[in-house]
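These protein sequence lines map, in sequence, to chains A and B.
Per my numbering, the first sequence starts with residue 1, numbered consecutively.
Per my numbering, the second sequence starts with residue 1, numbered consecutively.
Don't take every hint at face value.
[Stated by the list, open to error] Sample of chain A residues at the chain B side, in silico, Cβ under 10 Å:
(1) T12
(2) G17
(3) G20
(4) R23
(5) A38
(6) N41
[To be verified] Some residues of chain B that are not near chain A, with every Cβ distance over 10 Å (derived):
(7) I21
(8) R22
(9) S41
(10) A53
(11) G93
(12) L108
(13) L127
(14) S129
(15) R142
(16) R154
(17) G174
(18) R206
By construction, these hints were calculated from the structure, which means they are not laboratory data.
We treat Cβ as the ideally placed atom computed from N, Cα and C, and that holds for glycine.
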Amino acid sequence: MIEILATGALSTVQDLGRTGSLRFGVGTSGAMDDLALAIGNILLGN
Amino acid sequence: MNISLLGTSAILFEAPGLMDIRHQRRIWSMARRFSSWPDVSEAVPGMTNLMLAFKQPPADIEGLICALREAWEQEAELEIAGRQIELPVTYGGDGGPHLVDVVAHTGLSIDEIVHLHAAPLYTVYALGSHPGYCYLGGMDPRIATPRRKVPVVRLPGGSVSIGGAQTGVSASAGPSGWSTIGHTEMIFFDSSKMQPASFSPGDMIRFRIDKVIK
Numbered sequence: 001m002i003e004i005l006a007t008g009a010l011s012t013v014q015d016l017g018r019t020g021s022l023r024f025g026v027g028t029s030g031a032m033d034d035l036a037l038a039i040g041n042i043l044l045g046n
Numbered sequence: 001m002n003i004s005l006l007g008t009s010a011i012l013f014e015a016p017g018l019m020d021i022r023h024q025r026r027i028w029s030m031a032r033r034f035s036s037w038p039d040v041s042e043a044v045p046g047m048t049n050l051m052l053a054f055k056q057p058p059a060d061i062e063g064l065i066c067a068l069r070e071a072w073e074q075e076a077e078l079e080i081a082g083r084q085i086e087l088p089v090t091y092g093g094d095g096g097p098h099l100v101d102v103v104a105h106t107g108l109s110i111d112e113i114v115h116l117h118a119a120p121l122y123t124v125y126a127l128g129s130h131p132g133y134c135y136l137g138g139m140d141p142r143i144a145t146p147r148r149k150v151p152v153v154r155l156p157g158g159s160v161s162i163g164g165a166q167t168g169v170s171a172s173a174g175p176s177g178w179s180t181i182g183h184t185e186m187i188f189f190d191s192s193k194m195q196p197a198s199f200s201p202g203d204m205i206r207f208r209i210d211k212v213i214k
């Protein structure tokens, strides 16, 4: 588990992002390379 | 008008002319029309602009551009019977640190600025910037104040700010380049709800003067 104590304007935690909520002001976000993210998580046993 | 591709799977339509309610109602109407297109995953109204996001990169971009142009020319204004919500605002003090900058820019007194800001019934034109944030139309141009040269890194949620000819309330803590003149208490976004944003385009906001700290 990661405990986030304080954040700055440019620090982010990325997952695979989310679609379909742009009209509520929620950006898609997510990792730029979702394949690398998925492989990394598999390698780490997540 | 200006139409530009955003990467491979979205397109942005920017309407010509003024940022006013009549143009915005046409944008709402276009959003409704295009959201039912089978290839469109989301039609997102902005401030007199419209973004279409696609499920797959569209094959016929020229046809799409023509459809957007035609829709803008032909679209009737969509009247939305929105709700009306009153937000009590404490102007100035710790929650409105830049009220003095609006005084300096406009040459108006604090009382004049507060009354001009609280007078209109503002329309939610669009949501964006951050979850639940409302872009509002209807501010009195006499209190328009340019965006700050140096942004503030962290403002609390509920900050009532002026940026150029617009005003708005930050829905959560974050950075901002606008001048913050006051503070209100309101939950703008609840991610546990199916409809997570408290406001929708067409809703109306009135700011009530709760307190003025000089």
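Structure-based check of each hint:
1. T12: 12 Å, violated
2. G17: 12 Å, violated
3. G20: Constraint on G20(A) satisfied, holds at 6 Å.
4. R23: Holds - the Cβ of R23(A) comes within 10 Å of chain B, reaching about 5 Å at its closest.
5. A38: 20 Å, violated
6. N41: 23 Å, violated
7. I21: 19 Å, holds
8. R22: For R22(B), whose nearest Cβ neighbour in chain A is about 21 Å away, the distance exceeds 10 Å, so it holds.
9. S41: 6 Å, violated
10. A53: 6 Å, violated
11. G93: About 24 Å separates G93(B) from the closest Cβ of chain A, which puts it past 10 Å; holds.
12. L108: 31 Å, holds
13. L127: 4 Å, violated
14. S129: 6 Å, violated
15. R142: 28 Å, holds
16. R154: 8 Å, violated
17. G174: G174(B) not clear of chain A: closest Cβ-Cβ about 7 Å, inside 10 Å.
18. R206: Given a closest Cβ separation of 21 Å, the condition holds.
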